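In order, the protein sequence lines correspond to chains A and B. Just so we're aligned, residue 0 is where the first sequence starts under numbering that gives the first Met the number 0, counting upward by one. Just so we're aligned, residue 0 is where the second sequence starts under numbering that gives the first Met the number 0, counting upward by one.
In case anyone wonders, no lab produced these hints; they're calculated from the structure. Model, not experiment: these values are computed from the prediction. Quick reminder that beta carbons are idealized off the backbone N, C-alpha and C, glycines included. Keep in mind that the hints are not guaranteed to be accurate.
[Claimed, not checked] Pairwise CB distance ranges (calculated):
(1) B:55 - A:216: 50 to 58 Å
(2) A:31 - B:154: 41 to 49 Å
(3) B:55 - A:263: 41 to 49 Å
(4) B:182 - A:123: 46 to 54 Å
(5) A:216 - B:154: 41 to 49 Å
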Amino acid sequence: MALESSGIFGVSRKVTLGERIRYTGHEMKRNIACYVMLAPFMVFFIVFTVIPVIMSLPMGFTSFDMATFPPKFVGLDNFYTLFLEDDVFLQSVRTTLIFAIFTGPLSYALSFFLAWLINELHPKLKTLFTLIFYAPSMAGNIYFVWQLIFSGDSYGYLNSFLNTMGFTTAAVQWLTNANYLLPCVIIVQLWISMGAGFLALRAGFQGIDSAMYEAGAIEGIRNRWQELVFITIPSMGPQLMFAAVMQIVSSFTADIVGRQLVGFPSTDYMAHTIMTHAFDYGWVRYEMGYASAICFILFIAMLICNSVIRKILQKYLDT
Amino acid sequence: MAKKELKPSELAAKQAADNEAALEALRARRKKEQLRLQKSKGSQKRVGKSWKNDIGIFIFLILLGAFMVFPIYIAIISSIKPINELFIMPPKLYSLDPTLDNFKDLFQVANNSWVPFSRNVFNSLFVTITATVFHVIFACMAAFILAKCRFPGGKLLNKIVVISLLFNSTVTYIMQYIVMAGMGMINTYAALIFPLIPASMGLFLMIQSIGQIPDAMIEAAKVDGASLFSICWGIVMPNSRPALMTIIIFEFQAAWNAAGGSVVYDEALKTIPTVVQQIALAGLSRQGAIAASAVVLMIPPLVIFIIAQGQVMETMAHAGMKD
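Turn these sequences into a full structure, and let the hints steer you where they fit.
Now the structure itself:
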């Protein structure tokens, strides 16, 4: 706006830097009330979110054990070590990607599908099912129940069920066997992942004007599938985007479920995600510099993923 | 000639009468059509909607719903099983002799630690309520400014808020700890409460919701001489009550479940989730008490969710992302 101003005879000229600064200063003075009202939130936001994020960038280039100040600058050493020497990190990248594929797109599609199905039901049932599918993200920390279910002895619900039905003859070590523990953690992660995104999609469906469907029926839409593709999805762009961001965050930062369920470290590092790796170095070994480097890489990955998904969904945002 | 003799007021009255008549006719026609539709197949009917389909969907949802609720059911059932039933072979999906002993045990175990359990309950409530109140007040004001005011830096701040949705507290936790340590906040209530206040998800939800309020309403208030502050609380907030309820739910849930074990080490400052974690460390012998504590922890967020659910549905429809 302030970049160019039209002079006499409508000829535009470049605005000098000084003028721009003066203009901005003037505008800031005029809108002082805005800054006053923003201040309380922004002070907390800057101190507890922005500063930690900005700090973690240079911290990634240091060796810092939280006891010796100042942190020692080591250049790109942390990143070299991460990618070239740290086998566990590479393993954790693999695990995180597996996690992200299952709990990201799968959980996203499932939330969408469920929200759609629920929407077709009677209003009273809608409320009930919304509560049912949102309940796990409210119950949150009941990992002990999953430990009971997947318990390695025959007291476990799953083992006892399989034994009585005759599928297995001995107890299966669900949470310590390297073959089974990752699927178990993924199931629990899926169970927990229907959160804010699911609610947003539910409401998105509810917000669509039913007149649109009637019009669609007149225009020749023959089945519910066509209805979904031609009417429902195009009018839900914003909700789809919101849910996508929530899914990206929750799937990329998956960590606590694995640590609680299969222990830390898990057998053969099978459930060792990038976040778990950062936790390991930050809070167990107190190598904060290294942990910051890990967090930084994770953030970059999420940023890229976010902008890619943004581009894919962009066409729906404008309709 | 006859038309010219009419006065402007009469003309207006005639026009109004004509309009009225036309509208009446239109309404009558629409009503008839609706009646016809209802008679033929019901006006709510949509393409491809049938009883058979509905039952299929219903069965599918029941099965998946059972999977979602099963662990919660087990938590509840374990909490009312007496100790001898907890280790029955094979494990039962119901209790033969329901009892509240586990809850009594829980409070006893919790009371036998350094501080009485009531202190932890107080801490949890205090932290949750303070964080929720401040988060809601601050986020509402900031969201109003970011959604409706134009000022230098506004666009940049909006972008930062969207990007910050990508961080969850785990990513910034390490640095957050260092910042708090630098400010001498470790082992105080501040360490538990302050990081919960600037949750950008709540702010973002509010920005989207306030964006739906027509500018004309705010302009009118400005012309009447209302200050930004009174516009925010007198006009904008009453019109976005559903969003307000939603961020209360999210923040309450987040604050209630936040385990501050690593920023607070004084027993007198610990919240219920931290204490429950400590109790759970005792393992198998505390099975019943752990189940009981899970059930107790689940209740407050559930109550808040049920109270506010109607409003959540309304708000989330605006929760989309726009640049």
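Outcome of the hint check:
At roughly 21 Å, the beta carbons of residue 55 of chain B and residue 216 of chain A sit outside the given window of 50 to 58 Å. The hinted range of 41 to 49 Å is not satisfied by residue 31 of chain A and residue 154 of chain B, whose Cβ atoms lie roughly 18 Å apart. Taking 41 to 49 Å as the suggested C-beta distance range, the pair residue 55 of chain B and residue 263 of chain A conforms, at roughly 43 Å. At about 51 Å, the CB distance of residue 182 of chain B to residue 123 of chain A agrees with the hint of 46 to 54 Å.
In this structure the supplied range 41 to 49 Å holds for residue 216 of chain A paired with residue 154 of chain B, their Cβ-Cβ distance being about 42 Å.
Hint compliance for this structure: hints 1 and 2 are broken, all remaining hints hold.
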